[in-house]
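Listed below, chain by chain, are the residues.
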Amino acid sequence: SIRIYTQFETELVGAKELFQEAGDDNEMREMARSEIKDIDAKLEELEERIKILLLPKDPNDDRNCMLEIRAGTGGSEANIFAGDLLDVYRKYMADQGWQVAMIDSSPGDDGGYKNVVLEVKGDSVYSKLKWEAGVHRVQRVPATETQGRVHTSTATVAIMPECDEVDIKIDPKDIEMSTMRSGGAGGQNVNKVETAVDLVHKPTGIRIKCTQERSQLKNKELAMKMLMAKLYDIENEKREAEERARRGDQIGTGGRSEKIRTYNWKDSRVSEHRLGQNYPLQSFLSGEIGQIIDGLIAKDQEMKLRQLSEEGAN
Amino acid sequence: SPVINELLLQQIPPKITVQHAVQKSLKILEEKSIPEPEESVLHLLSHALNLSWENGYRQLREILSLSVGSSTISENAMSPIQQLSNQCLSKDERDAYISLLERRMQHEPLQYIIGKWDFHFLTGLKIKKPMLCPRPETEELVELVLAEVGNLLRDWKEKRKMRILDVGCGTGAIGIAIANKYPAAVQVVALDVLPEAVDLSNENAEQFLSRYSAHGDSKLGVKSIYEAMLCSATHFTNNTTNTSRDLSKKKYKMNFDIVVSNPPYIPLKDMIDLSSDVVEYESYEALCGGEDGLNVIRDIVHRLPEWTFSSSSRAKHCWMEVDESHPRHLARWLSPGSVEARRCGVEYVESYTDFCGRDRFVKLRVS
Chain A
686 SIRIYTQFET
696 ELVGAKELFQ
706 EAGDDNEMRE
716 MARSEIKDID
726 AKLEELEERI
736 KILLLPKDPN
746 DDRNCMLEIR
756 AGTGGSEANI
766 FAGDLLDVYR
776 KYMADQGWQV
786 AMIDSSPGDD
796 GGYKNVVLEV
806 KGDSVYSKLK
816 WEAGVHRVQR
826 VPATETQGRV
836 HTSTATVAIM
846 PECDEVDIKI
856 DPKDIEMSTM
866 RSGGAGGQNV
876 NKVETAVDLV
886 HKPTGIRIKC
896 TQERSQLKNK
906 ELAMKMLMAK
916 LYDIENEKRE
926 AEERARRGDQ
936 IGTGGRSEKI
946 RTYNWKDSRV
956 SEHRLGQNYP
966 LQSFLSGEIG
976 QIIDGLIAKD
986 QEMKLRQLSE
996 EGAN
Chain B
772 SPVINELLLQ
782 QIPPKITVQH
792 AVQKSLKILE
802 EKSIPEPEES
812 VLHLLSHALN
822 LSWENGYRQL
832 REILSLSVGS
842 STISENAMSP
852 IQQLSNQCLS
862 KDERDAYISL
872 LERRMQHEPL
882 QYIIGKWDFH
892 FLTGLKIKKP
902 MLCPRPETEE
912 LVELVLAEVG
922 NLLRDWKEKR
932 KMRILDVGCG
942 TGAIGIAIAN
952 KYPAAVQVVA
962 LDVLPEAVDL
972 SNENAEQFLS
982 RYSAHGDSKL
992 GVKSIYEAML
1002 CSATHFTNNT
1012 TNTSRDLSKK
1022 KYKMNFDIVV
1032 SNPPYIPLKD
1042 MIDLSSDVVE
1052 YESYEALCGG
1062 EDGLNVIRDI
1072 VHRLPEWTFS
1082 SSSRAKHCWM
1092 EVDESHPRHL
1102 ARWLSPGSVE
1112 ARRCGVEYVE
1122 SYTDFCGRDR
1132 FVKLRVS
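So the protein sequences, as listed, match chains A and B. Just so you know, we're using our numbering here: the first sequence kicks off at 686 and counts up by one. Just so you know, we're using our numbering here: the second sequence kicks off at 772 and counts up by one.
Because the hints were derived from the structure by calculation, they are not lab data.
Subject to a maximum C-alpha distance of 30 Å in a straight line, what follows is the list of computed DSSO-like cross-link-like pairs (lysine-lysine):
(1) A:Lys806 - B:Lys887
(2) A:Lys910 - B:Lys887
(3) A:Lys877 - B:Lys952
(4) A:Lys858 - B:Lys1134
(5) A:Lys877 - B:Lys798
(6) B:Lys952 - A:Lys858
(7) B:Lys897 - A:Lys910
(8) A:Lys877 - B:Lys899
(9) A:Lys903 - B:Lys900
(10) A:Lys894 - B:Lys952
(11) B:Lys952 - A:Lys806
(12) B:Lys1134 - A:Lys877
(13) B:Lys994 - B:Lys900
(14) B:Lys994 - A:Lys903
(15) B:Lys900 - B:Lys862
(16) B:Lys1134 - A:Lys903
(17) A:Lys854 - B:Lys952
(18) B:Lys803 - A:Lys894
(19) B:Lys795 - A:Lys799
(20) A:Lys877 - B:Lys900
(21) B:Lys1022 - B:Lys930
(22) A:Lys894 - B:Lys897
(23) B:Lys798 - A:Lys799
(24) B:Lys897 - A:Lys806
(25) A:Lys910 - B:Lys952
(26) B:Lys798 - A:Lys894
(27) B:Lys899 - A:Lys903
(28) A:Lys903 - B:Lys952
(29) A:Lys776 - B:Lys786
(30) A:Lys903 - B:Lys887
(31) B:Lys897 - A:Lys877
(32) B:Lys897 - A:Lys903
(33) B:Lys1040 - A:Lys877
(34) A:Lys877 - B:Lys795
(35) B:Lys803 - A:Lys877
(36) A:Lys903 - B:Lys932
Work the whole structure out from these sequences, hints included.
The following block contains the structure:
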């Protein structure tokens, strides 16, 4: 972009010279003038783009991530809503061409999920999904409701960037791991394919269950990966909260208890609270959340640019 | 059995949806007390429907927890999971699933029915009866050996590849998993007494290791990384006066750097407690180690000095998966400095627990 910018600058100088040399030749002057206008506009556009590129980037943007949906208040309806959100995200991820694997899940008794964790891999995964983190609220008549009353339920989405031992160090002594084979005989005596791993991180009490792989070793590694992602997420959250406090901030990527969106079935609308805007419910349910995410990214860039210029002015 | 067949044909009618097939067959297996009914249904139906190896059974697990008619809330197009859930089984799929279920209802191991399974980082290792289906504990044995290989490689001064001997290779799981991590650095020789095991191990080696071989003829290349041979522990020797073998037999190269084994180790008295899926299908010889379970282990100990003989002064280790009763026996028998340890030329070093806290692995040193 810088290269193109300097190229345009040179062209502008050339056009201005032409303008001078044109003297009394009106046609030439007009040509030069419109060229100058044209180049000026392009320069301005490039300037904006370069400014955005120079903005401090979120260091996690290029990472893959884990997406966790946890049903909040509302009992069965909250579980079902968590399942609905999962469907929406699945469609969006398929559209983006991302690789998705479900790592852990606790299905709800009447459908949906109490809790579900996905691993998402692909281009710019974290930079887009991070905007989904927070509390999502739904207002509708639940399937289980017999008297047609509208209920409000919630589900919390957490987005945890993938990390490794460089980011987070875990002491093996802090981990307690158990498996299905813990009771009774083992080894050659038993042939069972269930290799679920259950691990507890003693210092934080975080508990991870991983059942997804056929190989026990892979389940262990996946469980550790999830644990690292959660611990890293907690650290990030702490750091971001401090930064938000410092800036007296507005638009953040989370604060896990921030209510970011309300879905109203009766009015067929999605209210994105950070943007103060509404979107059609049907498009959201079809997985078209790109519009909302783009809006949030744009607003975030706007804020950062403004801050930059304010800091520059001081 | 015709009774089982009747039951399945009736309970799993033509045009049944995937969701109903999952729910109905799960109930049948539970009622017949088939072990791991849920895993059985998920993996067998995934196999019958030819779903993806990685995701098929996970998708079916989700479908199992979907309540019937859960798609009524969202009026938009169904998610892929819901679509799969409502899909009807074709005639072929239904026939295939029913015959798979029949086999499982006879307690046949899932790995045998499907013909492959995952082990360590080997995805889709071929598994055939009567070779032992690899257990999760054995993945830990592989990890222990890999740690030693990693350590040795840091100071590796020899011009040759590191040589590893896998005794009683079965499906080839252990040796191939090791070679898979260090294909350029190690050469694995694997032994088994069953011709089917030797063939299967070489077949699996071809599948997983030929990608690393440099030669145009991949078979030649794979042998430089892994080769399985038909031979028992006792007969794997160049000392012909000790055996009744053919004198014209060519000499084996013996300078192994590491020996690993998951030998038959179950004591005779414990064989009776084994569940039917193990005892009726898996090889008796691969499981029972004699009265105290140590028969093959003793054979291995007696051959260790010959197998690891070399001019190098570097310590040679033997890693084995054993019965819980064995570490203390071996610690006593081969106690460092004891008469027996000196006679055998092998010392007990230490034991390691598996992820269930059982004494499962021993490390011996050739002194």
